[in-house]
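Position chain W relative to chain G; hints supplied.
These are the residues of each chain, in order.
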Amino acid sequence: MQVLIDNFGQIVDGFVKTLWLLLFSGVIAAFLGTFLVALRVSPVALMRGAGTSYINVVRNTPLLLILFLFRDAFPKLGFNYSIDNYFNFFFVAATVGLGLYAAAFVCEALRSGINSIPVGQAEAARAIGMTFSQTMAQIILPQAFRASIPPLVSTYIALAKNTSVALAIGVTEATFIMKKLTNDNAGDRWWIFVGFAGGYILIVWVIATIGTLLERRGARAG
Amino acid sequence: MSSLLFDVPGPKARARHRIYTVITLVVIALLVAIVVRKLSAEGVLTSTVFNDTFTNSNVTYLFEGLVGTLKAAGVAILGALVLGMILATARLSDHAVVRIPARVLIELFRAIPLVLLMIFLFFTFRSVVGPFGAVVTALILYNGAVLAEVFRAGINAVQQGQSDAAYGIGMRKGQVMRLILMPQAVRFMLPAIISQCVIVLKDTSLGYVVVYGELVRHGRQVALFVSDGTILVYTTIALVFIIINYSLSKLAEFVERRLAARGSGAEVTKVSQVNVGDSQA
Chain G
1 MQVLIDNFGQ
11 IVDGFVKTLW
21 LLLFSGVIAA
31 FLGTFLVALR
41 VSPVALMRGA
51 GTSYINVVRN
61 TPLLLILFLF
71 RDAFPKLGFN
81 YSIDNYFNFF
91 FVAATVGLGL
101 YAAAFVCEAL
111 RSGINSIPVG
121 QAEAARAIGM
131 TFSQTMAQII
141 LPQAFRASIP
151 PLVSTYIALA
161 KNTSVALAIG
171 VTEATFIMKK
181 LTNDNAGDRW
191 WIFVGFAGGY
201 ILIVWVIATI
211 GTLLERRGAR
221 AG
Chain W
1 MSSLLFDVPG
11 PKARARHRIY
21 TVITLVVIAL
31 LVAIVVRKLS
41 AEGVLTSTVF
51 NDTFTNSNVT
61 YLFEGLVGTL
71 KAAGVAILGA
81 LVLGMILATA
91 RLSDHAVVRI
101 PARVLIELFR
111 AIPLVLLMIF
121 LFFTFRSVVG
131 PFGAVVTALI
141 LYNGAVLAEV
151 FRAGINAVQQ
161 GQSDAAYGIG
171 MRKGQVMRLI
181 LMPQAVRFML
191 PAIISQCVIV
201 LKDTSLGYVV
211 VYGELVRHGR
221 QVALFVSDGT
231 ILVYTTIALV
241 FIIINYSLSK
251 LAEFVERRLA
261 ARGSGAEVTK
271 VSQVNVGDSQ
281 A
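First to last, the sequence lines map onto chains G and W. The working numbering puts the first residue of the first sequence at 1, with every later residue one more than the last. The working numbering puts the first residue of the second sequence at 1, with every later residue one more than the last.
Source of the hints: derived by calculation from the structure; they are not laboratory data. None of these values were measured; they are calculated from a predicted model. Heads up, a few of these hints could be off.
[Unchecked claim] Footprint (simulated), chain G over chain W, 3 or more residues, beta carbon under 8 Å: (1) 107-115; (2) 120-133; (3) 168-182; (4) 208-218; (5) 232-242.
Here a beta-carbon is modelled for each residue, glycine too, at the ideal position from N, C-alpha and C.
Chain G extracted, bound-state conformation (with noise of 0.2 Å):
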């Protein structure tokens, strides 16, 4: 126990590099994601097979694999970059890596919701003469984005428990001050354990809490 007090600030820093990590990455998968499922559900063949090339792709292989790409071979091609000291460039390399990854994710979930409306909800829309717009803005999209809402809620869970894995690229996030302590300090392994699932369980919980509101309030609004 003592040794969650001591090193608290140690711990809270980490936390909020998970914190950065998640950020960053989800709002890159939320955009690549997006073109992606617009690919995917487009009336041309070649784009919908260009993305799910990438789904098939990226969802077969290990995430660690790719941010090891990211971060062993992708400088040797130029791509070297960092912000700054804080944001340096394993975090710069683990935020794509994770983005690119999670985007697959995000693709199949908004996929999967565009998929559960009825056909006659379209075709309903297009026989009172909606345009393509129409139907797209007020009917398709908003039952979408609802019934999209609990696979997408999974996704960033996903994610929040997947930035763990920029530990092995060296981004000094919560699970590697995790690693530090358990290693130096053999007597207090479980509540190093313990303090650290606590605090991931957190933000899993705060993100399936934001997706329940959200439903509440698509609920309403239906």
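Just chain W, lined up with the frame of chain G:
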């Protein structure tokens, strides 16, 4: 074909789609060209690099890594199936003393990052478990919790009449579960279980953090050793994973279609939706 988002295209729309196709082609060609130029500028696309990278000893080492991956994944999936069945049975128990702890365990292991669990097990029980034990135990705990929810959904998907009839002819609770519910539930769950194998295979790579010798660890060692072939090694490993996992996904889809054709489609869908979130770890 009319779809949800688009009406049947007319001549104008078809012409527009042709233009879009051309634009997409140009964009893809550009991307490929940029990548190829970059790679050849760095001189990593030569046969010398290829030969230096895939020497006999390197290939053997990578192959040993693949064996390590498959071994851990195989043991983990078997263990997870057993643990999942136990947790699901406990979770469905009539006694709160059994039901509530099972539920807590399931929620707990699903919320903790696998890496955290592996590091904890490895350092705390190092003398007992070793790297292999830490990896496999963590995978079993996490995937067992996920599969428990799949099992539960599978058992719940069996029509009520089945267990009613079984109780009606005088079977006991254990018999109903073992002889009536489980055999049918497993069929509904088969696609979800196969999909879970993909996740286990990918997650064995996290054994990297506890120095377990699997494909990604061995791959990184080779990749850093050969320096010019780094990208080549990583691409090869990615391909191996993609081929295995893509085949497994296709197998899951095939089984799902077969079951749907036999009239179990609704139940399979119900079960498959359960682990939608956990298929991303």
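Checked hints:
no. : hint    : result
1   : 107-115 : holds (count 6)
2   : 120-133 : holds (count 3)
3   : 168-182 : violated (count 0)
4   : 208-218 : holds (count 3)
5   : 232-242 : holds (count 5)
The structure fails hint 3 only (numbered hints given earlier).
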